[in-house]
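6 protein chains.
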Amino acid sequence: MPRTPIEYRDASPEVRAVYDDIKRTRQVDDVNNFWKYLAHDPATLRRTWSSIKEIMTPGALDALTKEMIYVAVSASNGCEYCIASHTAAARKAGMSEAMFGELMAVVGMANETNRLVNGYRVPVDAAYG
Amino acid sequence: MPRTPIEYRDASPEVRAVYDDIKRTRQVDDVNNFWKYLAHDPATLRRTWSSIKEIMTPGALDALTKEMIYVAVSASNGCEYCIASHTAAARKAGMSEAMFGELMAVVGMANETNRLVNGYRVPVDAAYG
Amino acid sequence: MPRTPIEYRDASPEVRAVYDDIKRTRQVDDVNNFWKYLAHDPATLRRTWSSIKEIMTPGALDALTKEMIYVAVSASNGCEYCIASHTAAARKAGMSEAMFGELMAVVGMANETNRLVNGYRVPVDAAYG
Amino acid sequence: MPRTPIEYRDASPEVRAVYDDIKRTRQVDDVNNFWKYLAHDPATLRRTWSSIKEIMTPGALDALTKEMIYVAVSASNGCEYCIASHTAAARKAGMSEAMFGELMAVVGMANETNRLVNGYRVPVDAAYG
Amino acid sequence: MPRTPIEYRDASPEVRAVYDDIKRTRQVDDVNNFWKYLAHDPATLRRTWSSIKEIMTPGALDALTKEMIYVAVSASNGCEYCIASHTAAARKAGMSEAMFGELMAVVGMANETNRLVNGYRVPVDAAYG
Amino acid sequence: MPRTPIEYRDASPEVRAVYDDIKRTRQVDDVNNFWKYLAHDPATLRRTWSSIKEIMTPGALDALTKEMIYVAVSASNGCEYCIASHTAAARKAGMSEAMFGELMAVVGMANETNRLVNGYRVPVDAAYG
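Chains as they are written, first to last, in my numbering: chain A, 13 to 141; chain B, 13 to 141; chain C, 13 to 141; chain D, 13 to 141; chain E, 13 to 141; chain F, 13 to 141.
Calculated from the structure, these hints are not laboratory results.
It cannot be assumed that every hint is accurate.
As the list claims (entries may be wrong) - List time: in silico EDC-like cross-link candidates among lysine to aspartate or glutamate, alpha-carbon distance up to 20 Å:
{"id": "1", "chain 1": "C", "residue 1": "65", "chain 2": "D", "residue 2": "66"}
{"id": "2", "chain 1": "D", "residue 1": "104", "chain 2": "F", "residue 2": "137"}
{"id": "3", "chain 1": "B", "residue 1": "104", "chain 2": "A", "residue 2": "66"}
{"id": "4", "chain 1": "E", "residue 1": "65", "chain 2": "A", "residue 2": "66"}
To be verified - Computed, partial: chain E to chain D, Cβ under 7 Å:
{"id": "5", "residue": "90"}
{"id": "6", "residue": "113"}
{"id": "7", "residue": "117"}
Stated by the list, open to error - Where chain C lies over chain A, by a calculated footprint (3+ residues, C-beta under 8 Å):
{"id": "8", "segment": "41 to 55"}
{"id": "9", "segment": "80 to 94"}
All of these numbers come straight from a predicted model, not from anything done at the bench.
Think of the CB as a built atom: it goes at the ideal place given N, C-alpha and C, for glycine as much as any other residue.
Looking at chain A on its own, in the form it has when it is part of the complex:
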């Protein structure tokens, strides 16, 4: 339903506060479209940013690994926006073209064997619990 992005100049103080935190955290001049569309629902904007910020902060996994996992899920689901934005983020975090190639190879193979398992109705080995 919301079909236009909400730009900073048109945003409420509540929305601007989130935009400001995104820009500061990511060191960017403007937020990307995802946030400008979510801004139609300030509660979802705030909660989603807060969750992503917490989840994507390097911890036991580094930023690059997390971005590649994001790309893997998005490619499986066919979300073009998310593939484009998180491939860009992974690249910024150090993903080389060779790494992207291997990432996609694993994603492709996993999607293939997931369905072979389904079709052959393979039972979980006792060893895997």
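Go by the hints and put chains B, C, D, E and F onto chain A.
The following block gives chains B, C, D, E and F in isolation, referenced to the frame of chain A:
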């Protein structure tokens, strides 16, 4: 249709050759159910093992990262067998419980934002090409 | 394969009869693209319209709730056409922007927790049967 | 919510009429669980049977091809019940083990290349329209 | 990897605080398995509960509608745990068997037409923007 | 990341060898975009072509049936590129418009009943094993 695993003792020489290569490559005593069911179609068994062996060999990405990507895809697709087997493989390759927790957090968040993007019909930013 | 819509003026009597019923039922001047493409297979056109007409008629659930459920499924599946058309229908049936925001928030969260459940392999509680 | 099958002896006349038509059409002694659970909603039972009967009748495609397509979709979606029941139906319609093996090989490959296409964001060739 | 639920008596103070808030909010004696498995990652447990609590609180949409949307997504994705738990929650919030039947009918139809749209490559009507 | 096709004139000898084999096998003057994008990862290009060539060769199933199965999976997954290219291939292999219509009808119905089965949580009949 094939509803029983093909054990080594009952396997054809062609199938045994694949089982032997899996056991040697992975240093295990027996192959897991996935291969024992695929063995009903020796051509698919051979091709799938050959592809997985090539793809999962450490290259630009290490073994642990590749196994975690496999888990990410399998969790998105809801393939229980693949979640169980590749979580075990990732653990063997060094995944700690903290790493698993962060992996699942990213997988969950990516699945959420993929659908927010769909629902809000967010157009790809010019910067992402 | 069918790459062009079949307009009323070019339609067979069988197809026109369905178009007429859609226009009468929905009080619209023309049918939307979905029907004009399905018309390449008159049997599927007729059966799909007949099913949708029966299913979307208000019953135990009202029209708005049904349209929002349609949007929820379409956003999960990433079907842009269906998201666009059923969001428009939901809006016509009374969906406010606040309702759309909450709808999308639930869709996003459900997609997230579905995968957390998969990854953690959570068994169904006895209480849920 | 409905957690028990509705057996013929406990079914309403409306439900029995559908069961009778399924048994007659398929030449079986009893209907399978799918119908016994759908019977909690007689309108959906009737409509679904009527659609399946129309769709699965041999036409431009024969019964075996239709059942294999059903298996292909169900394996992609991970619906175990549907994989089991439609694999049985395909077998009954003449699917050999070699055919099942090739069916699964195509399903696996299609699922792989679908995601490679997503990840590489391959644009549709002009030749495909 | 975490294959056992974490019961209240074995939980850390951080985890117990979340369990207590769930029990208080939902007026239940114990939390369901989902939370007991997520508890292996206290940060995800806390964040997920906080998000769900915020999202599922009645607002522009009532509790029943939200639970039915949750079921719709979970049925599309094939997450059995989520189908079972949210069907129970919807029932508790007032979903009758007739409402469940209509909910499933819409979910089924949406999944069907989503794929008809894909296969026929139906372009979005200008009217839908 | 790779956002441009690699044309024959710019390709390495390794990539040209694959392009040449595709052109010879399929009797076409140029390869389609899928291969030109995969060429950014020559190992994946070679392996994917080798697998597809083996899998799509007529065997227990003929070429037309295999292409229709490919379309069925791609329509379920919503991969527009794959729907377009494999619909074209199926048509070339003899798929009439009536066959396409029945193919899509089965795909639609399978996607619907897969979700009815999920929602009603239908247990596999003993007869299906």
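Taking the hints in turn, this is what the structure says about them:
For the hint pairing residue 65(C) with residue 66(D), the CA-to-CA distance comes to about 18 Å; that is within 20 Å, so the pair holds. Restraint check for residue 104(D) and residue 137(F): satisfied, since their Cα atoms lie roughly 16 Å apart, inside the 20 Å limit. For the suggested pair residue 104(B) and residue 66(A), the alpha carbons sit about 27 Å apart, so the restraint of at most 20 Å is broken. Note on residue 65(E) and residue 66(A): the hinted pairing holds, with a Cα-Cα distance of about 18 Å set against a maximum of 20 Å.
Residue-level restraint check for residue 90(E) holds (minimum Cβ-Cβ distance to chain D is 5 Å; threshold 7 Å). With a least beta-carbon distance of about 3 Å to chain D, the hint placing residue 113(E) at the interface is held under the 7 Å criterion. A least Cβ separation of about 5 Å between residue 117(E) and chain D falls short of the 7 Å threshold, and the interface hint therefore holds. Under a criterion of three residues with beta carbons nearer than 8 Å to beta carbons of chain C, the stated coverage of the segment 41 to 55 of chain A is upheld, 3 such residues being counted.
Requiring three or more residues with a Cβ within less than 8 Å of a Cβ of chain C, the coverage given for the segment 80 to 94 of chain A holds, as 3 such residues are present.
In the structure shown, a violation is registered for the earlier hint numbered 3 alone.
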